[in-house]
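Residue numbers (the numbering used here), protein chains in the order written: chain A, 1 to 293; chain B, 294 to 541; chain C, 542 to 820.
Among the hints, a few may not be true.
Stated by the list, open to error - Some, not all, of what chain B presents toward chain C, calculated at C-beta under 8 Å:
| # | residue |
| --- | --- |
| 1 | Phe-384 |
| 2 | Pro-391 |
| 3 | Tyr-395 |
Derived by calculation from the structure, the hints in this document are not laboratory data. All values derive from a computational prediction rather than experimental measurement. Idealized CB from N, CA, C, for every residue including glycine.
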Amino acid sequence: MKETHRFISGILFFFAFLTSLLIIFILFFLLSYGLKIFQFISFKDFFLNPVWNPTGYFKNDYGLLPNLWGSFLVTSLALIIAVPFGIFSAIFLSEELRKITWLYNLTKGIIELFAAFPSVIIGLFGLVYLAPLIQKIFSLSSGLCVLNGGIILALMSLPTIISLCEASISQVPLTYKEASYALGVSRFQTTLKIVLPTAKSGIIAGILLGFGRAIGETMAMLMVLGNSPIIAKSLFQPTRTLTTTIAIEMGETAKNTPHFFALFMLGVVLFIISFIVNLIGNYFAQKRIKIII
Amino acid sequence: MKIKIKFENFSLWFGNNQILKNINLEIPEKNVTAIMGPSGCGKTTLLRAINRMNDLIPDTKVCGKVFIDNENIYDANVNLLTLRKKVGMVFQKPNPFPKSIYENIAFGLKVHKFKNIKERVTKALIDANLYDEVKDNLYRSALNLSGGQQQRLCIARAIAIEPEIILLDEPASALDPIATAKLEELIHKLKKEYTIVIVTHNMQQAARVSDYCAFMYLGELVEFGKTEDIFVRPKDKRTEDFLLGKYG
Amino acid sequence: MKLKSSFYFYLSAIPLFIFLFTIIFITFYLIINGYPVLSFRFLFSNPEEQMTKGGIFPVIFGSFYLTILAFIFSIIPSILSGIYFAYYAKNNILTFILRTLIKTLSGLPSIVFGLFGLAFFVRTLNIGLSFLASSLTLSILSIPYLITATEEGLLSVPHTFYEAAIALGVPKWTAIRKIILPEAKPLLLSGIFLAFARLIGEVAPILFTGVAFYLKTISLSPFDRFMALPYHIYILATQHEKILKVRTIAFASSLVLLFFALLFGVIAYILRMKIKKYY
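Turn these sequences into a full structure, and let the hints guide you.
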């Protein structure tokens, strides 16, 4: 009996261990290809080079910066839009709409289902509807630009941000709020001054995990950013990101060329950013649970 | 009188929290022994030490011995499955499996490879005074039964696999007075065949059902003796206070 | 005072309404543009004339074949891992690290999985661009979702059932398999359907591992290349030479993909609603 128990727990541990190690396995393989770029160019030529031009006539450039800049620009714009939207939506959901159960459930259901919208579909919407609209409003030559990408990404990260913020706002104990009401503070003031600070960890977690989701988005960005290798200086210029560069160029490049390895190295950078952001985000998500229980 | 269960210098910790302090206790065979005490005194933990259910809680440490039929159940080579088959348990809240009434009892029988399962299920239900109430609905979900019926089903489930000891952890705390009376009647009947240990914070219940009584306070065993002695002439001040209702 | 406060609350509702309105707008935009092309023929016939006419049957088929194959690889390891974390893992630093790694895996960008699939399955294992390489890549993507779903499902079953079984002298594994798992099934299935809804719309992981834009025949062999619905939409929308002519097909295909993603999403939602209250 003891032997059977040991055998079963051994097998279960084996699988848990194996699935946990997958992420390290992934990093290992990305590195094993990505690091080979440094047989061709120096660290400086990759990390500090402001030019990405893998098919230049005289010289090939594999600079990280234009890709990284594009990613941060679009993601930051997305968060600037999505964070206030997300927090206020979460406040309204948990403080007001919760009272009307069916409407609350319906709204939550719609938001949850929107999270399951395939990204190509949202990309298609950005490409076919939003781009001409932006082009017209701002009289641009093309609506495929940073602004378009930012709006699309904001939409895509909102479900994550709303659900994490809402979960932590609704866990703030009623007694905190009552103490504030008893002092004659209005409900909305209480929400801003008492509820939000208490729910801080969950909100930070929501923002970070939303950022993590946004920076890794590939297909929608491929469709709405215009994919220019230049460093975008305004919201109305096209740009490219870490993800779009990999997605477009991996299919076209020959295997085992510097270009091929450079794309893997971009993948390594993306991995590291996302790993760190998720690690911190999950830490805050965990912290929320501990405080409340 | 034969001693069935014997605690010898038994202590237990959850993490750094000492729950049981050097317990020495001898529980006689085929009698009802009640463990009383205010909430948080460790009486449930003491009960769960008898079938080693405390092992499920992480960070549990024990020291000392507990003998059942002169065998230390905290020995390294004790088979927990055999131990728990021998020591049945009924919990505070009725917890029948979310299966049919029949399956609830048959499950343990099948796992322990009994034969004639159908007859044994019937017998267990009869012994638990439940058969007449459920005989037409054996294949209906046990969750549809009333609380009292569920608790008797849990007893039937426990006695079906032929234990020698039955542990009852405040079995009537979730029941109404009529269901409680039926349960106590059942306990009276069962003590002819089984050694019964019952945890309760209800003194009247302890007085009604038990032959022996142990009083615990803050992890210590304060007093143990025949029920009528403890209730009439408590030796310890703390027992007396408890019986007078001073601990609430 | 009170009026003022609720006024602010209604003001805070505006962002939510804008968001909900956008979601509904996108959905109707797709329906209005895609619906006219949809027909029984469109769903069940082969594409014709460089995808400008005909249907999308092989594309739908490819997506389902791919996703189902991915689940065949991932489901058993994920469920076993989930059982480990819910019932066997000790509360120590090793468990903490393993859990953290799995959580982080679920947040990794899908294009990173694509790169890994290319490096490991296509090149190192030399499987080549194929159904197999793509579905293995997707299966890794699904593992963290499935592990979380298993754990959540198992932990939603009251601990008292487990205790009751253990107190009967039932071995731990039997208690989990016979008592806990059957009760956890609705939540587990819900997690599987949700993962399915997510996986069927993924492009980045299959981009470098075997997806093709146009294939003449449907192949059942896992070593062949394949077509997939979301990739099909992407190509029609951005790369096709007669891009405006195929736009309606892109919309109709999007509608089909959305239908499947939402269908599985709704099934998952309904299963989640079915969680029993035991006491």
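Quick rundown of the hints versus the structure:
1. Look at B/Phe-384: its Cβ gets to within about 6 Å of chain C, closer than 8 Å, so that hint holds up.
2. For B/Pro-391, the shortest C-beta to C-beta distance to chain C is roughly 6 Å, which falls under 8 Å, so the interface hint holds.
3. Checking B/Tyr-395 against chain C by beta carbon gives a least distance of about 15 Å; that is not within 8 Å, so the hint is violated.
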